[in-house]
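**Q** Could you put together the complete structure from these sequences and hints?
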Amino acid sequence: AQTVTQSQPEMSVQEAETVTLSCTYDTSESDYYLFWYKQPPSRQMILVIRQEAYKQQNATENRFSVNFQKAAKSFSLKISDSQLGDAAMYFCAYRSKGAQKLVFGQGTRLTINP
Amino acid sequence: DSGVTQTPKHLITATGQRVTLRCSPRSGDLSVYWYQQSLDQGLQFLIQYYNGEERAKGNILERFSAQQFPDLHSELNLSSLELGDSALYFCASSATAAQYSYEQYFGPGTRLTVT
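So the protein sequences, as listed, match chains A and B. Be aware that the first sequence starts at 1, since it is given in the numbering used here, and climbs by one per residue. Be aware that the second sequence starts at 1, since it is given in the numbering used here, and climbs by one per residue.
Honestly, the hints are just simulated from the structure, not real lab data. Built from N, CA and C at the ideal position, the CB exists for glycine as well.
In silico lysine to any residue, SDA-like type, Cα no more than 25 Å apart, as pairs:
#1 A/97 with B/105
#2 B/9 with B/71
#3 A/78 with A/26
#4 A/97 with B/29
To be clear about the criterion: a stretch of chain A counts as covered by chain B if any three or more of its residues have a C-beta under 8 Å from a C-beta of chain B, and this derived list gives those stretches:
#5 42-51
#6 103-114
**A** Structure representation (structure tokens):
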């Protein structure tokens, strides 16, 4: 079974600085999707960014980018120019190509210091 | 706003009772997923329906059941409730069950408290 591990329960960063959240996963499959979801205090799950495993190019969405290392099974999220509104729980998630369910990590709580 | 709606937002009930959580997917989405978020278990997939048919099952207890109706809304039924069932229950939807569809949109969740 696939597993997703987020080794940082909590992270903090100064406003306007850059922070990287770590995620590793375990799978025997070669084709899959990876995601980062944000869960602010409102509890809404918001998709931040996604990566297809067959793509070598790292995904980027405005201030959010990933470092996808397929051989190392690593999928980190970099947030540049951190803003107060980025404060939230961040979940890394895996989905195999043949299935629809998302497998989530335990989450990282990100605090932004003004 | 993801377009996925869930009712009720909050539910407080006693042990041994039965509750029903409701989800309406985004317009046009055929797949509905249910997830449970609890402090000790994290976010876990429970079950998926596609166009009225059960498509995948995860860590769903036998006391729990779900269905998807012809209008595509879904209900999650939780019975013989225990304290440990207290959690946030999310519904998500996506366009198809095909392997090319990978974006799931989450509803705001239903907070269930069992006392």
